[in-house]
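Visitor: Take a look at the letters that make up each chain.
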Amino acid sequence: MTPTEIAVIIFLGGGLFFTLVAAVGVIRLPDIYSRAHTASQADTLGAGLTLVAVALTLGLEISTLKTVLLLVFIFITNPTAAHAVARAAHEQDIEPWREDR
Amino acid sequence: MVNDILLGAAAVFVVLVIVVLYRAVRGPTMQDRVLAVNVIGTNTVVILALLSAALDVPYFLDIALVYALLNFLMAVAISKFTVERGGVM
Amino acid sequence: MPEEPPDQAVDEAILVPVGESVTLRNTVAYAVREALAASGEIHFVAPLASSAIGDVSADGKAELEELLERATVWAEEDAGDEAADLRIETAVVGADEYLFGPDDYARVLTDYARSHGVERVVVDPEYSPGGNVPLLRPLQVALVEAGLTVEEAPVDRPTRRGQLLRRGGLLQFATLFGVSFLFYQLLSGFTLSGFDLVTGVVSATVVAALLHRIAFSDRMRLGVIAKRLVRLAIFVPYLVYEIVVSNLLVAYVVLHPKMPIEPRTVEVRSAVWGGMPVTTLANSITLTPGTLTVRVRGQDFMVHSLIPAAREGLFDGSLERAVRFVFYGRDAAGISTPRERDDCRILDTVTENGGEED
Amino acid sequence: MEYVAYALVIFVILTGIATALLRDVLAAIIVFAAYSLGMALLYTLLLAPDVGLTEAVIGAGVTTILLLLTIVKTVRPGGERTFERLDPRAALACGALAVVFGLTLPDLPAVGDPNSPILSYDAVTGHYLTQSYAETGVENTVTAVLAAYRGFDTFGEATVVFAAGVAVLVVLRREVFT
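Protein chains in written order, with our numbering: chain A, 1 to 101; chain B, 1001 to 1089; chain C, 2001 to 2358; chain D, 3001 to 3178.
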């Protein structure tokens, strides 16, 4: 295996792991606010790592540039979308869950 | 070989998408659904990128770009809708 | 709530409490119209929140004075030919007191009104004294109890207001054109064929012509932007590092069988201001796992935090410092942390601070 | 590649069923957007990226906005139940239809099969390619097939599109008839 392939596999593994965390979090966590945490963050990192893996496989070409653009875009929009969702929940007076109530 | 790994990763991503679908269907609040669909959308973009690399079809990435845009717009539009149309909700 | 001004108020002076708010511009316009219809006397009064920037309250005062000056300029602009009829007075009040609750604000405002013989108050509906959201309604009640006439300026609420169009210049146009054109060429794969170049120029021109007055919020200065881009390049690796580290923390918590989470909503009054810096900070906070920006008003961030460690990190303000570094340079990075400034607190419920919208 | 396709088909079927069964209209719209995402992925995977792109823009974007606008202009029944109660007769009819369509599937040629009729029966394809201009006077073969040979089909489609357009206008300007 070439070093590039090893790097691809490492990044892909990381991406899969964090996306798995996002999925588990979205299912397991108790309320919309805490779900928004994993949805925006673990998922963003998972997607980011996977896209890095894709960019590495592609090597140096136009497509790589597009992948990087995609990555930047996801890193900007994902937290914004999560914020929009959380804010919508807040404005509808949805109470956050607490472990002691 | 790398192509097979990428395809396998895409398959795992689709399975994760199916898992997240539970939240989109179950809710309980509308925001949960929007959030779940947003996660599904992000993963879709990633799947497209993976397929593009694995099958060596560069223009899949263009679709992925359009998708990323749409996904964001959808989450914001529905969130805005649920707030401003509070009476109808 | 567009109420007709009461008739008996016709020859009265008007007091406008001034604070940083999105609708301040429109409130000033409304107050000036009302004042010209009446005595032409208008008082812009800015109560100084002691907690504004902790011990550097001189800064806070200077900021308010600048705001008052801006309000005065706007008022004169609105008055136009009738500017001679308009008498404007400005004051910063409460500088020597510790303003905390709505009653404190009401007291200093009432004192001012008494000593200047003003009985009518026009309130900016988005005015948030001390940056705390729920103060406005109680403040109004307290002012009414003190015997003043209080009305809210009939301006549009944030969801559908805001001055979208700005003055656009050649620089804005050129930047937008360049970015769109590059994006188009990227999508077409940089073939640089005649067709792609021509269609690219056409599309980029359409985009730039339609949007160059909307797309930029600040006045553009190339030097500043270049400096910020360089600092941003330093900031991004740091952000990625933070994201990965705290993502591992959250992953541990989420995958742990017992899921030991302790979610709390906290409020932080950050020391960044302006559109881009606040947006950057809010997005960075959301990107760092364990913290999620729920709502932002001016400098006040309402943040939902999942685990205590994330909360501590937020109060230590390392991200805030980094964002300040990006936008204001290395000197500004040194301001004390939110914890030292005493600008953070844990809220008991969300709705305690919500529900003020309608 | 098969696994991806299988997983996607499962996803699409699940979202489809959920869309049909969800009681809350807004929830159904949101899940339907997920359905469109899955469909677009599937199209793309089958190497029809243009269809995938259209599905993404129309299905996930435009349709969602149109449906949201529709809710704004109409009422949305609330309710405690998450899912619609199943109507056995409707379920039976749908199931029967699905079975009938499913039975025709094995007769379709495989994707990219060189022996599929469109590639092997040169008599048909060739006829259109060589004769369409002489018979219809239309220069583009695809247009000739769509507008001339399939005239009735196209007419039906146009009627459907027209009806949909009228419906959209009616919904968007409800005040005209209230």
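Read the hints as simulated data drawn from the structure, not as lab findings.
No experiment lies behind these values; they were computed from the predicted model shown.
Careful, some of the hints might be misleading.
Sample of chain A residues at the chain C side, in silico, Cβ under 10 angstroms [to be verified]:
hint : residue
1    : Thr2
2    : Thr4
3    : Glu5
4    : Gly14
5    : Gly59
6    : Leu60
7    : Ala86
Heads up, the beta-carbon is just placed ideally off N, CA and C, and yes, glycines get one too.
Visitor: Against chain C, run the beta carbon of Gly59 of chain A and see if the smallest gap drops under 10 angstroms.
Guide: 15 angstroms, violated
Visitor: Is the interface hint for Ala86 of chain A satisfied, with its Cβ closer than 10 angstroms to some Cβ of chain C?
Guide: Holds. Min distance 5 angstroms.
Visitor: Should the hint that Gly14 of chain A touches chain C count as held when the rule is a Cβ pair under 10 angstroms?
Guide: Result: holds, 9 angstroms to nearest chain C Cβ.
Visitor: Under 10 angstroms is the threshold here; is the Cβ of Thr4 of chain A close enough to any Cβ of chain C for the hint to stand?
Guide: Violated: closest Cβ of chain C sits about 21 angstroms from Thr4 of chain A, beyond 10 angstroms.
Visitor: Could you check if Glu5 of chain A really has its C-beta closer than 10 angstroms to a C-beta on chain C?
Guide: The hint is violated - Glu5 of chain A has no Cβ within 10 angstroms of chain C, the shortest such distance being about 22 angstroms.
Visitor: Take the shortest C-beta to C-beta distance between Thr2 of chain A and chain C; is it under 10 angstroms?
Guide: Violated, because the Cβ-Cβ distance from Thr2 of chain A to chain C comes to roughly 25 angstroms (cut-off 10 angstroms).
Visitor: Once the shortest beta carbon distance from Leu60 of chain A to chain C is found, is it less than 10 angstroms?
Guide: 13 angstroms, violated
Against the hints set out earlier in the document, violations occur for numbers 1, 2, 3, 5, 6.
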